[in-house]
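So the protein sequences, as listed, match chains A and B. Going left to right, the first sequence walks through residues 14 to 208 as our numbering numbers them. Going left to right, the second sequence walks through residues 3 to 401 as our numbering numbers them.
Treat the hints as calculated values from the structure; they're not laboratory data. Check each hint, because a few of them may be wrong.
Claimed, not checked - Derived contacts from chain B toward chain A, CB cut-off under 7 angstroms, selection only:
#1 Val37
#2 Asp38
#3 Gly52
#4 Glu344
#5 Gly397
Said to hold, decoys possible - Here are the computed distance ranges between Cβ atoms for each label pair:
#6 B:Thr19 - A:Gly194: 35 to 41 angstroms
#7 A:Pro192 - B:Gly194: 40 to 46 angstroms
#8 B:Val20 - A:Val183: 27 to 33 angstroms
#9 A:Asp181 - B:Met313: 55 to 61 angstroms
#10 A:Ala52 - B:Lys181: 56 to 62 angstroms
#11 A:Ala52 - B:Asp64: 46 to 52 angstroms
#12 A:Gly194 - B:Trp139: 55 to 61 angstroms
#13 B:Asp287 - A:Glu26: 55 to 61 angstroms
#14 A:Asp63 - B:Pro190: 27 to 33 angstroms
#15 B:Trp139 - A:Pro192: 43 to 49 angstroms
Remember, predicted model here, so these are calculated numbers, not experimental data. Ideal Cβ positions, reconstructed from N, Cα and C, are used throughout, including at glycine.
Residue-level listing of the chains:
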Amino acid sequence: MPDAPGLELIRGEIERDCPGAVLATSYDRSQAALVVDPARVLEVLSWLKDQPGQRYDFLSSLHAADYLPNAPRFAVHYELINRDRVERVRVKAMLEDAPPAGGDDREDSPGRESPRSETGPAGQGLPSIDSCVELFPTAEAQEREVFDFFGIVFRGHPNLTRILLPDDYVGWPQRRDFPIGGEPVTFTYSEQRYD
Amino acid sequence: MTEIAEQAVDRDREIMTVNVGPHHPATHGVLRLVVDLEGEMVRELTPVIGYVHTGIEKSCEDKSYWKVIPFVERMDYVSYFFQMEAFCGAVERLIDLEIPPRARYLRTLFLELNRIHSHLVWLGTTALDLGAISMLWYCFRERDKILDLFEMATGQRMHTRYFQVGGVIEDIPLGFEQKCRAFAEEMPIRVGQYQALLDRNEVFLSRTKGVGAVSRERLLELGVTGPLLRAAGEPWDLRKAFDYLAYPELDFKIPVGTVGDNYDRYRVRVAEMVESARIVEQCLDALPEGPFIADDRKYVLPPRSELSTSMESLIHHFKLVTEGYRVGPGEVYYSIESPRGELGCFVVADGSAKPSRVHFRDPSFVNLQAFRDMAVDTYVADMIASLGMLDPILGGVDR
């Protein structure tokens with residue numbers, strides 16, 4: 014890991030080449046993170062990957078999280094490794110939830126939240142970010158996984174479809190407002206009794 | 003073999019799409035492959051996954067931290083100790099809890115036993131795919147000895163729930179050390195026997211040498227880690243790269259291959275078993291005395307004996323068992339070297355007693371992306387061999 018001053022140095026250098034792309038840094042529990050502007054995440058990733066002296070060229074993990082009560086609701090995390098210096102850095106792009114299709118203010122009626130635009134075609138009413146598959150081919154499956162569970166659209170992904178859930182599944186189950194529930198399992202026994 | 007593959011393909015010739023799996027013994031789990039065949043040559047291949055998706059990551063969000071441990075063990079069901087270590091290590095980093103030296107060594111010991119176990123399952127089943135049925139029995143004989151050791155120390159043969167946040171649940175019992183030492187001494191001899199069976203076996207060699215090779219650069223692009231990457235000559239191992247547990251204090255080597263074909267993958271894993279046996283011996287030699295779990299009553303259950311004498315302990319016990327402990331807001335990504343590569347655990351805490359997100363970066367899930375490169379333009383039979391050498395555990399892929 015770069016230490017806290019090292020992280021600031023990296024931030025300064027990025028600031029020189031792509032001004033305004035890094036919004037903040039965080040150094041928490043000895044893990045370094047760059048919070049970047051989601052619209053410019055590819056600039057920062059390719060800078061980190063190709064800049065001589067940096068070479069964070071191995072994307073070890075791409076995952077997302079939902080910080081529901083907080084204002085930028087989603088975050089996509091990119092865990093990068095520089096294998097020469099044996100350092101990790103995390104790039105974090107915070108994403109606003111896309112406004113619901115109906116146009117009413119979000120957080121207003123939590124009870125009505127489930128049947129909103131989630132069933133719509135991909136890209137409608139969903140948060141989106143640029144895909145980094147061109148830079149890191151390893152992200153192909155991981156971006157599909159994030160799309161599958163959070164409904165975050167990766168613009169420019171070659172094949173953004175559900176990967177683990179069935180293709181006809183409705184909803185984004187890893188979102189915090191998606192209830193943990195069971196699906197009724199249909200056995201011949203229950204079919205006969207409850208049809 | 004590659005010469006045949008490179009012969010000019012007349013695209014007008016008949017291409018047949020065949021569905022392999024999801025239920026097929028050679029897919030090592032519930033993996034479905036949609037394969038475009040031209041005669042016996044694989045021309046295009048799409049793995050379809052998700053058949054054993056059980057929503058473990060979502061379920062973890064509804065469990066207090068200590069109850070998550072048995073859940074995550076069931077993802078990659080061959081390397082359960084690694085899942086536990088990834089999760090417990092991540093939570094320990096979140097709450098900044100240091101584990102005692104004895105626990106570090108015990109964890110390392112069990113992780114390496116588990117690595118041998120995992121590689122034995124891989125070797126047995128993959129050799130079976132290649133027609134060497136006797137390998138399965140020999141490998142599972144040694145695997146059973148490891149499971150006996152697990153049972154002796156933890157009470158369970160699989161899914162042991164042995165690692166706890168703060169250390170391990172109990173100390174190793176009397177007699178464990180001798181039994182474990184005997185196993186660690188025997189294991190290199192057994193590995194020599196496996197090699198005697200396979201290394202000069204003409205069928206095995208012609209089925210593995212030069213088959214399924216993927217270049218080092220391509221593997222790195224695809225994010226492949228573990229023995230697959232090391233077989234291609236890249237000495238990348240998180241045990242050496244990042245300090246965790248007792249690895250910095252132990253003496254072991256990282257086996258690497260040269261060309262990255264199936265034969266190299268086999269040699270790297272077999273050599274890793276010998277190295278792991280050495281680590282087990284060193285852990286037993288250097289096992290420090292002292293507590294096996296941290297003494298922080300806010301996070302760790304008090305010893306059972308204190309419950310009948312100390313009111314304080316009873317209260318701590320009650321609080322830990324009912325609500326669990328709260329973890330201050332923060333997020334941690336902690337990764338370790340599992341038998342299949344980088345196993346990362348990403349935990350987000352929101353200040354409550356339950357994690358708000360648990361994500362596992364499963365090495366099989368990422369490595370599976372390299373399968374197309376390994377299998378396209380080879381024979382169907384070699385595709386099955388390459389899949390075995392890739393060693394995916396579908397429970398981990400689908401989570």
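In rising order, the numbers of the hints this structure does not comply with:
1, 2, 5, 7, 11, 12, 13 and 14
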